Amino acid sequence: MKTKEKEEKMEIKESHWLYRKGTIINAKMMTKTEKWFEINLDDGELGHEPGQFVQVEILGVGEVPISICSSPTKRGSFELTVRAAGRVTTQMHKLDKGDRINIRGPFGRPFPVRQMFGNDILFVAGGLGIAPLRSLINYVMDNRRDFGKVDILLGCKSPKDMLFYDEIEKWSKRMDINFACTVDKAEPDWKGNVGLITTLIPGVNLNPERTYAVVVGPPVMYKFVIAELLKKNIPERHIVLSLERHMKCGMGKCGHCQIDHPKNYYCCKDGPTFTYDEVKDAKKL
Amino acid sequence: MKYHILEKRNLDLFIKNLSKKMKVVAPCKKGEKNYVFAEISSADEISENYIPTILPPKKYFMPQREKIIEFSMDGNLSAHCEKEKLAIFGVRTCDLSGIQCLNIVFNEKPVDCNFLMRKENIFIIGIECNKYCDEYASCAVVNSYLPNGGYDLFFTDVGEKYVINVNTQEGEDIIEDMKLPSALSNDMIALDKVREQKKKIFKNEINIDPSKIPQILEKAYNSKIWDEIGNKCVSCGNCTNVCPTCYCFDMDDKINLDLKTGERIRTWDSCQFETFAKVASGENFREERSLRQRHRVYRKFKFPVDKYNRFFCTGCGRCSRTCMAGINLKEILIKVAEEVKF
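If you read the sequences in order, they're chains A and B.
All residue numbers for the first sequence refer to this note's numbering, where the first residue is 60 and numbers rise by one.
All residue numbers for the second sequence refer to this note's numbering, where the first residue is 4 and numbers rise by one.
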């Protein structure tokens, strides 16, 4: 055996694996496990739409897909809310204001915002699902008159697990939205509802033909919430979901996020947002 | 189409000439029954009657471990591709088809620069199978037993000599450089004879109309057969590693010993591994082996048909040949078709 010529190393300037560099301009712990970051990119706007996600790289640790929780109507910077759940997110929690950060993206199919224009919107958020949904809620707020009636239903484990508490309090006071919130387990000083989020849906007054229901939450929540929405006669193609999968590359190649479904859906490219009629054959949403 | 002739006794000269220009790899014997693509410098190292190699030539297009990014902890980073001029000799039609599948995937936007740069530097010399390699092959079902492009030069054994089909200018340059004579009409007759003979040998191995396979699978989505296969499967990932069209990967960060620099490495991954579709919350979207096996079969015969209008199975039989649990792809298709009574 012999080696003819050494492998030649070529730089790839246009590689899709390269990062956009940015600075964390604000960060705070929102709950015990969730941290919020505001990020400024060196090369300008992120250029996302509601419902998209980015890949965050912590050098030497790895990459993690995170939903963007701010609306594109907010200029200059974007925001992420991160639960310390794995290796990379735990390291990410150690970052703070002033730290540098690497971003790839934005990736994924956004919420069908333009189809929703002129319709009533029912938001249903469970737990950490409020993070991706907030990108759309704030978008709708900032373009409020372009939409019909707006309802927001929010559910979480307990009052202290509630994300964006200050903002949610403002929503609850606005006259142009109907807001309801429930917790699975409450402390004695809690004045709101107690129970699963599904209990809030029957009480919503809606016109199913002109309502888009946007539902984001943990996989276990979808089945029950969707059953309630269908009871309300909302068409399957008007129920919009954002699915959770492990998007490793974001480019529809690595295979990890492919949905277990008879159709060929990559969550990172064909999703993460789907209408219910597209994915209803999946065993787990 | 241009055809040339190489006398078999001159193959060694051909290889030696070629290896003056670039590194040459070809199927070589490894152990009792196995073959691998490895570097050669003379024709006698080549195993002519080989069954498909353990790993397909995909390893040269998408290495098992590939450095994608180099970084330093202060935030500087750059993307690289390590490429070398390479000729792969003796690529069978099934593997040519496998390379074409990978081409399709990595050319889809956003394109994979690393794959494309490697590909540009690889010279492919195909070789025709005049008979079946063994009982695992199913190249007639997927129609990959005859050449459908994807090579620079293509060799067909017609007895004492090879008839060489020239498919690219780069191939033409090599042929001209070595001053190989053009094929004469009796050589072309011999080539036609080989092809005619092959049509008698290569027959649909599963007796199912290939165009019906996607519909059959769609009908069998909830079949019990997947449980049967799942019960046999040991989730070793051999079937996907040896598959010429499997390209799923993982990304890994490695820090060097100086603790100041590191690299991001792309490694092969397998949808058969338990954690492949698991997310950080602990939810696993393909927890059962049956679902993972179904996923694999769908990724060969259903999804790519919807997306690219072709099977991502090349009929090479590697997955069945290598499976420790005796899961056989042809048997799966036959069973599924029987169950849905197609």
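The hints are simulated quantities; they were obtained by calculation from the structure and are not laboratory data.
Quantities reported herein were computed from a predicted structural model and do not represent experimental measurements.
Where a beta carbon is used, it is the ideal one built from N, C-alpha and C, also for glycine.
Please note that the accuracy of each hint is not assured.
[Stated by the list, open to error] Under the rule of at most 20 Å between Cα atoms (straight-line distance), these lysine to any residue pairs were calculated in the SDA-like manner:
| hint | chain 1 | residue 1 | chain 2 | residue 2 |
| --- | --- | --- | --- | --- |
| 1 | A | LYS343 | B | VAL282 |
| 2 | A | LYS343 | B | LYS263 |
| 3 | B | LYS263 | A | LYS342 |
| 4 | B | LYS86 | A | LEU255 |
| 5 | B | LYS263 | A | ILE117 |
| 6 | A | LYS328 | B | LYS263 |
| 7 | A | LYS342 | B | GLU290 |
[As the list claims (entries may be wrong)] To give a feel for the contact side, a few chain A residues facing chain B, derived at Cβ under 7 Å:
| hint | residue |
| --- | --- |
| 8 | LYS87 |
| 9 | VAL120 |
| 10 | ASN237 |
[What the hints assert, rightly or not] Residues of chain B placed beyond 10 Å of chain A at every Cβ, according to the derived structure:
| hint | residue |
| --- | --- |
| 11 | MET4 |
| 12 | LYS86 |
| 13 | LEU194 |
| 14 | LYS201 |
| 15 | ARG267 |
| 16 | HIS298 |
### Hint check, failures only
Of the numbered hints given earlier, those the structure breaks are 2, 3, 4, 6, 8, 10, 12, 15, 16, listed in rising order.
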